[in-house]
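Participant: Sequence:
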Amino acid sequence: MTQAEPQHRLWITGFVLVPFWISVLARAFSWVTLLRAEGIINSALMHWGLISEPLPLLRNEFAVILGMVHYMVPYAVLPLYSNMRGINRRLTDASRSLGASPFTAFRTVFLPLSAPGIAASGVLVFIFSMGFFVTPAILGGGRVIMIAEYVSIQIMQLVRWGIGTMMASVLLLATVALLAVMSRFVDIRQLFGAK
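In terms of the working numbering, the sequence shown opens at residue 1 and continues consecutively.
In case anyone wonders, no lab produced these hints; they're calculated from the structure.
Any given hint could turn out to be false.
Here are the in silico distance ranges between beta carbons for each label pair [as the list claims (entries may be wrong)]: (1) Thr108 x Met182: 23 to 29 Å; (2) Arg160 x Ala115: 39 to 45 Å; (3) Phe103 x Trp161: 52 to 58 Å; (4) Leu34 x Met84: 29 to 35 Å; (5) Glu53 x Gly99: 52 to 58 Å; (6) Gly49 x Met84: 41 to 47 Å; (7) Ala100 x Ile127: 32 to 38 Å; (8) Asp93 x Gly49: 47 to 53 Å; (9) Leu34 x Phe128: 19 to 25 Å; (10) Met130 x Pro19: 16 to 22 Å; (11) Gly99 x Ser23: 50 to 56 Å.
Computed from a predicted model, the values in this text were never measured in an experiment.
We treat Cβ as the ideally placed atom computed from N, Cα and C, and that holds for glycine.
Assemble the whole structure, with the sequences as input and the hints as a guide.
Facilitator: Right, dumping it as structure tokens:
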């Protein structure tokens, strides 16, 4: 996105932002339609003769990870893009003119300058992932349970308020602790766009 022409950048940004415009339920059920035994992917693979019986693509960790990645891509890409857009291209060009290979210029100049964006993306995606509920419940089918879903089971089904409250509190404290540790190394406000 940072290297693309303005017209191409607009298209790429649109594709990255599409998950924001679609409901979480619509996305999850779209993946169910694609991944189920009679779904589009298994039907196409069987039609082409690549498999003889449907692959188990749904109600497992693969489906949950795929759905979560689809949901989290904008939260990872946008802080990275914001950070990388502010890196002066002349710095990498200068390293190249001094004899550095493209990989060396990337490793020694561009990557260290993009570290705050990488950290912001990692923290944001991790925090959102810790509280993820809808997509794992639908794509995991009760076989893959994330911590937020486990808290819900403890409170709503097993009526174990103490354990559910304790787990929710640990989840909240882990999030706050992560942000506190992160703030020791980088300016959190600047990392997420505040001046």
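Participant: Checking against the hints above, which ones are violated?
Facilitator: Violated hints: none; all satisfied.
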